[in-house]
Amino acid sequence: MTDKPKAVHIIHIAAPAQKIWDALTDSALSPSYFFGNRFEFGQSGGDFRVIQPDGQVNSQGKVLVRDEPRVLRVTWDVVIYPDMRAETPGEVEFRLEDLGGVVRLTVSEFNRPPGAEKYQNAAREGWSLILSGIKSILETGAPMPQVQPKGPEQ
Amino acid sequence: MNRFVYVTYIRTTPAKLWAALTQPEWTERYWFGCRQESDWKAGSSWKMFMPNIGLTDSGEVLEADPPNRLVLSWRNEFMPELKAAGYSKMTYDIAPEGELVKLTVTHEIDSALFVEKVSDGWPKILSSLKSLLETGEALPRPA
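Going down the list, the protein sequences come from chains A and B. Numbering-wise, our numbering puts 86 at position 86 of the first sequence, and it's gapless, one number per residue. Numbering-wise, our numbering puts 38 at position 38 of the second sequence, and it's gapless, one number per residue.
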């Protein structure tokens, strides 16, 4: 837990930490901000998966920390693109901090060294879309219009 | 060179976002009271003021292509250790994506301290901007 993240993505949201936690962990809600993908978080020590709209497993791992509604940390392997494994994070942590009327949500990518710039840019765009989408749905009550992330440029 | 990059997606139009980034009647609502002064033309100066502080930052407009791109030289004017770092370069890139607008803020300078400070500041400001444009209400000022 003392390691330095290779990338962080931060957004401030006008909603209680519990609501943000629920939005992250509600498998039915996640497709509305995660390009149709579904988050599945088990209990601490349990399984973590990202399921695509076509039913395929996109990513999988283990739940390392589940400290509701503050910290959710998982090991994260992108299994659908085996060639991207070295470029994607080994662990991802979601951290919620109440700053008084606003909650800071920080997503940190850990473990693997920063990948090539094209992967860093693709990860930044993807996480920005996810965090922007969570913020919009909680603050406006409606999902943000869908934009598909472009992914790394080949 | 140290660099901070932040991307956010906002349900708005490029013209509204440009106005929100440059017009003081907008910035003071979501940027915690901040007002900027400039005509936003390449070669012009720009200044930023905060209530209770006065002049906080200043520089020159390096590139202006409304409503797509604005590049500023940017020096902190009220914290001596940051002012000593000299001029940074800050870029707004604004691009429509369907019903959304993608805003990319890039802020770069040699000083690691300067980048650390703006890395803390920009997410608060840009989150508040997104709230204001999408809901009509900015975020409360963080404690």
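Treat the hints with care, since some could be wrong.
[To be verified] Covered stretches of chain B, going by a simulated chain A footprint (3 or more residues, C-beta under 8 angstroms): (1) 4-10; (2) 71-84; (3) 126-136.
[What the hints assert, rightly or not] Between beta-carbon pairs, the in silico distance windows are: (4) A:M84 / B:T106: 23 to 29 angstroms; (5) A:G46 / B:G43: 57 to 63 angstroms; (6) A:G151 / B:E25: 22 to 28 angstroms; (7) B:T106 / A:V79: 28 to 34 angstroms; (8) B:A95 / A:Q52: 41 to 47 angstroms; (9) B:P96 / A:G101: 27 to 33 angstroms; (10) A:G55 / B:K83: 55 to 61 angstroms; (11) B:Y87 / A:P149: 32 to 38 angstroms; (12) B:E25 / A:P149: 33 to 39 angstroms.
[To be verified] Derived DSSO-like pairs (lysine-lysine); straight-line CA-CA distance at most 30 angstroms: (13) A:K150 / B:K83; (14) B:K16 / A:K4; (15) B:K89 / B:K16.
Everything labelled a hint here was simulated from the structure, so no lab data went into it. Virtual Cβ for every residue (Gly too), placed ideally from N, Cα, C.
Subject >> Satisfaction of the hinted span 27 to 33 angstroms by the C-beta atoms belonging to P96 (chain B) and G101 (chain A) >> reply: holds, 31 angstroms
**OP:** With 55 to 61 angstroms as the target window, see if G55 (chain A) and K83 (chain B) comply at their CB atoms.
**Re:** holds, 56 angstroms
Subject >> Cβ distance range 32 to 38 angstroms for Y87 (chain B) and P149 (chain A), holds or violated >> reply: Once the Cβ atoms are compared, 34 angstroms apart, the range 32 to 38 angstroms for P149 (chain A) and Y87 (chain B) holds.
Original post:
Between T106 (chain B) and V79 (chain A), does the C-beta distance stay in 28 to 34 angstroms?
Top reply: Because 33 angstroms falls inside the window, the suggested range holds.
Original post:
Do the Cβ positions of M84 (chain A) and T106 (chain B) conform to the proposed distance bound of 23 to 29 angstroms?
Top reply: holds, 25 angstroms
**OP:** Examine the segment 126-136 of chain B: at least three residues should have C-beta closer than 8 angstroms to a C-beta of chain A.
**Re:** Check passed, 6 qualifying residues.
Original post:
Keeping to a limit of 30 angstroms between CA atoms, is the pair of K89 (chain B) and K16 (chain B) held or broken?
Top reply: holds, 23 angstroms
**OP:** Below or equal to 30 angstroms on CA atoms is what counts here, so check K16 (chain B) against K4 (chain A).
**Re:** Roughly 38 angstroms separates the two Cα atoms, so the pair is violated.
**OP:** Would you check the hint for K150 (chain A) and K83 (chain B), treating anything up to 30 angstroms between C-alpha atoms as holding?
**Re:** violated, 38 angstroms
Original post:
Does the Cβ-Cβ separation between E25 (chain B) and P149 (chain A) fall within 33 to 39 angstroms?
Top reply: Holds: the Cβ-Cβ distance is about 34 angstroms, inside 33 to 39 angstroms.
**OP:** Indicate whether the distance between the beta carbons of G46 (chain A) and G43 (chain B) respects the range 57 to 63 angstroms.
**Re:** holds, 59 angstroms
Original post:
Quick one: are A95 (chain B) and Q52 (chain A) within 41 to 47 angstroms, going by C-beta?
Top reply: Given a distance of about 26 angstroms, which is not inside 41 to 47 angstroms, the answer is violated.
Comparing the model with each earlier hint shows violations of hints 2, 6, 8, 13, 14; every other hint is respected.
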